[in-house]
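Sequence order for the protein chains is A and B. Quick note: the first sequence uses the working numbering, first residue 1, plus one each step. Quick note: the second sequence uses the working numbering, first residue 553, plus one each step.
Mixed in with the good hints there might be a few duds.
Claimed, not checked - Here are some, though not all, of the chain A residues that point toward chain B, as calculated from beta-carbon distances under 8 angstroms:
{"id": "1", "residue": "92"}
{"id": "2", "residue": "373"}
{"id": "3", "residue": "395"}
{"id": "4", "residue": "552"}
Stated by the list, open to error - Straight-line C-alpha distance at most 25 angstroms; calculated BS3-like pairs for lysine-lysine:
{"id": "5", "chain 1": "B", "residue 1": "850", "chain 2": "A", "residue 2": "372"}
{"id": "6", "chain 1": "A", "residue 1": "402", "chain 2": "B", "residue 2": "1026"}
{"id": "7", "chain 1": "B", "residue 1": "608", "chain 2": "A", "residue 2": "501"}
{"id": "8", "chain 1": "A", "residue 1": "551", "chain 2": "B", "residue 2": "1103"}
{"id": "9", "chain 1": "A", "residue 1": "376", "chain 2": "B", "residue 2": "1103"}
{"id": "10", "chain 1": "A", "residue 1": "372", "chain 2": "B", "residue 2": "906"}
{"id": "11", "chain 1": "A", "residue 1": "487", "chain 2": "B", "residue 2": "608"}
{"id": "12", "chain 1": "A", "residue 1": "372", "chain 2": "B", "residue 2": "928"}
{"id": "13", "chain 1": "A", "residue 1": "298", "chain 2": "B", "residue 2": "1077"}
{"id": "14", "chain 1": "B", "residue 1": "928", "chain 2": "A", "residue 2": "402"}
{"id": "15", "chain 1": "A", "residue 1": "56", "chain 2": "B", "residue 2": "1039"}
{"id": "16", "chain 1": "A", "residue 1": "402", "chain 2": "B", "residue 2": "583"}
{"id": "17", "chain 1": "A", "residue 1": "354", "chain 2": "B", "residue 2": "928"}
{"id": "18", "chain 1": "B", "residue 1": "608", "chain 2": "A", "residue 2": "495"}
{"id": "19", "chain 1": "A", "residue 1": "56", "chain 2": "B", "residue 2": "850"}
{"id": "20", "chain 1": "A", "residue 1": "298", "chain 2": "B", "residue 2": "924"}
{"id": "21", "chain 1": "A", "residue 1": "551", "chain 2": "B", "residue 2": "608"}
{"id": "22", "chain 1": "B", "residue 1": "747", "chain 2": "A", "residue 2": "56"}
{"id": "23", "chain 1": "B", "residue 1": "1103", "chain 2": "A", "residue 2": "402"}
{"id": "24", "chain 1": "A", "residue 1": "402", "chain 2": "B", "residue 2": "1077"}
{"id": "25", "chain 1": "A", "residue 1": "56", "chain 2": "B", "residue 2": "608"}
{"id": "26", "chain 1": "B", "residue 1": "954", "chain 2": "A", "residue 2": "525"}
{"id": "27", "chain 1": "B", "residue 1": "554", "chain 2": "B", "residue 2": "583"}
{"id": "28", "chain 1": "B", "residue 1": "1077", "chain 2": "A", "residue 2": "525"}
{"id": "29", "chain 1": "A", "residue 1": "402", "chain 2": "A", "residue 2": "298"}
{"id": "30", "chain 1": "B", "residue 1": "924", "chain 2": "A", "residue 2": "354"}
{"id": "31", "chain 1": "B", "residue 1": "954", "chain 2": "A", "residue 2": "474"}
{"id": "32", "chain 1": "A", "residue 1": "376", "chain 2": "B", "residue 2": "954"}
Said to hold, decoys possible - Covered stretches of chain B, going by a simulated chain A footprint (3 or more residues, C-beta under 8 angstroms):
{"id": "33", "segment": "641-653"}
{"id": "34", "segment": "794-807"}
{"id": "35", "segment": "852-863"}
In case anyone wonders, no lab produced these hints; they're calculated from the structure. For every residue, glycine included, the Cβ atom is placed at its ideal position computed from N, Cα and C.
Protein chains: 2
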Amino acid sequence: MKIALAQLNYHIGDFTGNLARITHAVAEAGKQGANLVVFSELSICGYPPLDLLERKEFIDACVSHVEMLAEAIDPEMGVLVGGPEPNPGSVGKMLYNSVFFLHGGRIGQVFRKSLLPTYDIFDEYRYFEPNREFEILEFMGRRLAVTICEDLWDEQPFENEYARSRLYTCNPLEELIRLRPHAVINLAASPFSHKKMEAKQSIFTGKAKRYGLPVLYCNQVGAQTELLFEGGSMAVNPSGSVVASLPFFREDSIMVDLDALIRSKPAPDAGKIPERIEAIAGALICGIRDYFGKLGFKTATLGLSGGIDSAVTLALAAEALGPDNLHVLLLPSQYSSDHSVDDSVEMALGLGVKYDILPIEPLFMQFRETLKPLFKNLPEDNAEENIQARIRGALLMALSNKFGNILLNTSNKSETAVGYGTLYGDMSGGLSVLGDVYKTDVYLLARYLNSEKKVIPENIITKPPSAELRPDQKDTDSLPPYEELDKILEAYIEKQLPREKLVALGFEPELANRIITLVNQNEYKRYQTPPILRISSKAFGVGRRLPLVAKY
Amino acid sequence: MKIALAQLNYHIGDFTGNLARITHAVAEAGKQGANLVVFSELSICGYPPLDLLERKEFIDACVSHVEMLAEAIDPEMGVLVGGPEPNPGSVGKMLYNSVFFLHGGRIGQVFRKSLLPTYDIFDEYRYFEPNREFEILEFMGRRLAVTICEDLWDEQPFENEYARSRLYTCNPLEELIRLRPHAVINLAASPFSHKKMEAKQSIFTGKAKRYGLPVLYCNQVGAQTELLFEGGSMAVNPSGSVVASLPFFREDSIMVDLDALIRSKPAPDAGKIPERIEAIAGALICGIRDYFGKLGFKTATLGLSGGIDSAVTLALAAEALGPDNLHVLLLPSQYSSDHSVDDSVEMALGLGVKYDILPIEPLFMQFRETLKPLFKNLPEDNAEENIQARIRGALLMALSNKFGNILLNTSNKSETAVGYGTLYGDMSGGLSVLGDVYKTDVYLLARYLNSEKKVIPENIITKPPSAELRPDQKDTDSLPPYEELDKILEAYIEKQLPREKLVALGFEPELANRIITLVNQNEYKRYQTPPILRISSKAFGVGRRLPLVAKY
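Same shape as in the complex, but just chain A (with noise of 0.2 angstroms):
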């Protein structure tokens, strides 16, 4: 039997467009003699359909298209295909997470969820009932086990080290095991971290290895706003080796004979995991173009500072849209250095995007004579910084309504993290690029953007950084180095370690105390800032939930 993993780009909601998306792939998988199709987990959809699965339209139209679907295709082939599916029980959650097959010109088997996600930026729990009932498909004289996604990960390698490994209570695939299938397939919608690109393929090399069986997963790629989905689909082989694989960000397919799985050996280059840095400047350029082509716009704007964050967030979305779609501001003040503005027209112009000029001085003039009734002759402190950082803002989002430009965020994951940025000033965005990478990271990202052809002038990358909101400033004015201030912010985000911990680590109790109150302090600021790219395990955003008001 011939399976083909088709691993595709769906934009929720879009019935037509996925329906059509989904179809070609059948088409073309058959003329190359495939008898099964494998798509991903709610593919008739999108992933994750969030609330509108609470809608009776959506629902209505997520089964009116697999009906449509079933009928569309070769009635010879089989196909796997994810969408939810009303519960015909009287209690419990409305949905299934389910898998329907495909065959004869109707819907046969239907498959369903039995691991339901329900953390980080999972809330599947909020929507689907979970599955207790187990079956097998049996085509072609083969017997299949049909999981979806988290059906595998009963054990998960979380990085809180306070976390459990084992969050279930039932283990699917036990289950499906015990009915002898020869071979495991998986549909997932499994979003992208650059620390467990490792650890994801372990869980499908060591389900294949410890059941002797071969293991087909067929993932999603793609952007969805702020969830990345790398795609990487693979084909494993009883003894545990990546025998094919599909690339990250990008939509493609294989075809793989099962008979032929079983028996072989793995492929040198197949589910070669790709370097980090390299890994998250392909995440983050996806994340831009989806975004963009998602929402139906070309063309972005962005403040170009002369600084590290801005220069990395031009060069990736020059990637991502292409320089011509691109517009930039420099919005230079009394403080900025001379060459914060050259540095910024000799990338403008090296990468040939087009840009202005526009001195923000006499903006900044003006605001303190509105204010001098209320401010009197007060010292200045950070509210004039901030009203520098709010009329570039302004400013920004004038281009971007004048002419239909989204303005991308420049901020990165470590000032974030800190509150170093301004609330409807550098804040402001429809979304941001670089707040889900540390700034060390983004220095890795400078290094890797420029390997090819240097985009990005050397000058950039090596002076100090500095928000030049007053004379001189410095960012380690007032925050500790970033190789350390990272590590700090790692341990207590991304590990969740106590504070105690943390001093147990080597770092100075002083300094994680204050980052740590930094951190908490600063909630009320990220709960307004646009969707962040997810790049890490952790991001800021919907999948880290915290009490504004916390005395904590």
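Add chain B to chain A, keeping to what the hints say.
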């Protein structure tokens, strides 16, 4: 046996404060002869602790403070207190949502929550394993069925017509009834909704009547960021009549003699549900007060436009924080009508609130000057309107930054729904007071707030609503009258009716389509709004999660 219900306002994570509050309430109840004191769900840490539950040091503190409480109280008395309990099993979620029975200086029986709400604002399955084993608390010769909040909500009164009422496959009260209890106790953290006041009461009266048992319900009171808990704890007799009840939005306690309760008649005023607008006003005042109190802030600022939204926000804030703690700005432009300033001054003077008038025209001129190289001679459009709103936002935030005030956002639910507002402009603020109040209810609130003493000038209530961002602008230039708009919005957002059903209800198809499109297209704006005090069953914010890039 005498049972006290202690309805307290907890501060999430303030273990020392919460412990002191609970210990004090036990001592007071003891003086009045109570044998058992009942607190609310997760009382030791405050509800909802959200992802603090994933932190080891937070759980350790919960556990140790329950132990400290057991030792601190009179060993003769019994106490039921809520807190997270580490799951002693090796699989399943890390925690149970539990109630601890404290007696004799130690922790006795532990009762675990069975039904874990995971919908709307609730994410309990994110953290907790559901209970499936049931036992009774035997104390002083009485058998008590201890339940936790949702455990009694096996049937849901959802406003979404499509939602099903029976979300759970288990019915904990049915299980407990088999163990022949004398009374049902419910420790809750049940948030306010002005639409569910009757439905909530009927949960308890219905259960009491159905099983012929008294029901004692103790709810949390006070605000936790956007979530408002009204309290309204009550004792219900076996015939389903409310015999005693606690006020809305105020800490208080009552003592109930269990034997008397079993034989009691309804008390005339007990369980009286406040009038809807009065309840909303109380909820919003509590929400403002606790947001400031729990964050340690005293003073607020807001922009007083001469319109109804900012006037009602100001009146509520004056009630919550005191007029002395407010400093408002009047920010007229060349498009502002004279009466806008006059009405605002009249209101500020009447309340005794400090105000300043800062005309924004010079700043608006300077923005146009600065942008001239880009905008050239393009016609004015919403870009220029938004600049005015962002100038106001920046001036208000400057005041906030300079003097340590929190900016109150004044947007209402109707305009937030259709995206009639400027990101980083009038959508700025630390807290949105009216973001869950439809415009038609804002008017009713104004009338209510004026009923005792006129605080809002009549002219503000009667003039046609306008954003005053261009000459002679009226809201009805681009929107239907609010009476009609609000009905469509409520049907689409709260009831989640599909497009066809709206038309079947008599709304003009083109209008319904336009409003639905506006709501869907503006998810990206709402992603960045401040937390919104939640008074309905479906507020914008954490309880409503929609994909930004959906094609829908």
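Consistency of the hints with the structure:
| no. | hint | verdict |
| --- | --- | --- |
| 1 | 92 | holds, 5 angstroms |
| 2 | 373 | holds, 6 angstroms |
| 3 | 395 | holds, 7 angstroms |
| 4 | 552 | holds, 3 angstroms |
| 5 | 850/B to 372/A | holds, 24 angstroms |
| 6 | 402/A to 1026/B | holds, 22 angstroms |
| 7 | 608/B to 501/A | holds, 11 angstroms |
| 8 | 551/A to 1103/B | violated, 40 angstroms |
| 9 | 376/A to 1103/B | violated, 51 angstroms |
| 10 | 372/A to 906/B | holds, 17 angstroms |
| 11 | 487/A to 608/B | holds, 19 angstroms |
| 12 | 372/A to 928/B | violated, 31 angstroms |
| 13 | 298/A to 1077/B | holds, 19 angstroms |
| 14 | 928/B to 402/A | holds, 11 angstroms |
| 15 | 56/A to 1039/B | holds, 19 angstroms |
| 16 | 402/A to 583/B | violated, 69 angstroms |
| 17 | 354/A to 928/B | holds, 16 angstroms |
| 18 | 608/B to 495/A | holds, 11 angstroms |
| 19 | 56/A to 850/B | violated, 45 angstroms |
| 20 | 298/A to 924/B | holds, 24 angstroms |
| 21 | 551/A to 608/B | holds, 16 angstroms |
| 22 | 747/B to 56/A | holds, 22 angstroms |
| 23 | 1103/B to 402/A | holds, 24 angstroms |
| 24 | 402/A to 1077/B | holds, 17 angstroms |
| 25 | 56/A to 608/B | violated, 41 angstroms |
| 26 | 954/B to 525/A | holds, 17 angstroms |
| 27 | 554/B to 583/B | holds, 12 angstroms |
| 28 | 1077/B to 525/A | holds, 16 angstroms |
| 29 | 402/A to 298/A | holds, 14 angstroms |
| 30 | 924/B to 354/A | holds, 17 angstroms |
| 31 | 954/B to 474/A | holds, 22 angstroms |
| 32 | 376/A to 954/B | holds, 11 angstroms |
| 33 | 641-653 | holds (count 5) |
| 34 | 794-807 | violated (count 0) |
| 35 | 852-863 | violated (count 0) |
Violated hints for the displayed structure, listed by number in ascending order: 8, 9, 12, 16, 19, 25, 34 and 35.
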